[in-house]
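Q: All chains, full assembly: derive it from the sequences and hints.
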Amino acid sequence: MLNKFKELPEWISRGLEDLFPDNKSDDTSQSFLKRLELSSIEKKPLRVKLGIDPTGTDIHIGHSILFRKLRAFQDAGHTAVLIIGDFTARIGDPTGKSKTRVQLTSKEVESNAINYLKQLGQGKSPKESILDFATPGRLEIRRNSEWLEKLDLSKVIELLSNSTVGQMLAKEDFGNRYNSGTKISLHEFLYPLLQGYDSVAINSDIEIGGTDQKFNVAMGRDLQRYFGQKPQFGFLLPILIGLDGSQKMSKSLGNTVGINEDPLSMYSKLEKLPDELVYTYLKLLTSENLENLSIKPRENQKFMALKITSNFKGIEAAKKAQSNSEKLVLGSKDSLEEIPESSLSEVNFPAKAFYLISKMELCSSSSEARRQILGGGVRISGEKIIDPNLEFDNPEALIGKILQVGKKKFLRLSL
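Using the working numbering, the final residue of the sequence shown is 815, and nothing's skipped along the way.
These aren't lab readings, by the way, just hints derived from the structure by calculation.
Ideal Cβ positions, reconstructed from N, Cα and C, are used throughout, including at glycine.
Hints may contain errors.
Unchecked claim - List time: in silico SDA-like cross-link candidates among lysine to any residue, alpha-carbon distance up to 25 Å: (1) Lys808 x Ser767; (2) Lys720 x Leu693; (3) Lys707 x Thr680.
As the list claims (entries may be wrong) - Derived CB-CB ranges, DEER-like: (4) Ser687 x Gln647: 23 to 29 Å; (5) Glu761 x Asp644: 16 to 22 Å; (6) Pro740 x Thr428: 48 to 54 Å; (7) Leu586 x Ser525: 42 to 48 Å.
A: Okay, here's the thing in structure tokens:
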């Protein structure tokens, strides 16, 4: 895919899946290179939009691919415009959904937004954060309620007139639901229009999104053209395959690596990644030279895990995590450093083993915890637990012990 964009600087082309329009003419509305050159000549930074709907509490490394590209534009002197979709999150992006999403309250959305910004590095130096929050002129943080709450009915009708029912049903998710007889609420048709209007409101030059966002990004281009602006360019990046090696990274599927996870958990998950995904993770989540990889798959796994962990946690923490992971594999637990701790204060005793594991969030449900135990995947301080109904009378017997599920999840129990 790099060859397709060989005329672009490597910091732009790396990982880029789609750029549209990709015209080679001299028209700055159709040629991104010409828009980039004009920006340099006029010494006017491009405005690079990335919208996030804070419908959850955590950012995982799949999400971070978009933020890394946004940071690359910041580092090149352009202006990142991070749009917190506090208004659109109340609708919920229908992309990739087989049914209408539950609408969130404004209070829930704002709480999630604060969490997102903290994880992106707000309050930290540029060297310690995913985005550059500190350098003047490099970042605007906008909430789309700023303009969307002010739209009156006549403006909403004007927006609706820019699209047809046929266009909406051509969007794969809507089309599938319509054909299967699954309900589509009318307010969901508004989502791509409102997201597109965000581009008008901030006069975007570029919008960054996942490959599943092409319809929404294109809607922004259409609305900018309607309102007399130069239409933005769409920069689409791949959807990261999760740790299972088959489905996209998603918290609901349990195949994620959260950027807020402790270094040991992060490293241990990544070093078990299927061999066929290692190259992709290195390309999308690091800046490493991909021509210098080892011919040994295991060495590449460890290299990838170390580099990605160091990007989020720093090299020293990543090296400690690598060392601790090796000690876990070898069974040398006495000298382990920085094992993540979790309190037993919310566990009701006496507690059965399956309940304990579920309550400590090492499994997504009690039924999964039972399966893990019966499959031999659970240990407490190295001793395998085989009975899901094994009962612990009080927390004292567990304090300081390491609870481990599989080879990727573990924590030290505390009071």
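Q: Run every hint past the structure and note whether it holds.
A: Outcome of the hint check:
| no. | hint | in the structure |
| --- | --- | --- |
| 1 | Lys808 x Ser767 | holds (19 Å) |
| 2 | Lys720 x Leu693 | holds (22 Å) |
| 3 | Lys707 x Thr680 | holds (13 Å) |
| 4 | Ser687 x Gln647: 23 to 29 Å | holds (27 Å) |
| 5 | Glu761 x Asp644: 16 to 22 Å | holds (18 Å) |
| 6 | Pro740 x Thr428: 48 to 54 Å | holds (50 Å) |
| 7 | Leu586 x Ser525: 42 to 48 Å | holds (46 Å) |
Hint check: no violations occur; every hint is consistent with the structure.
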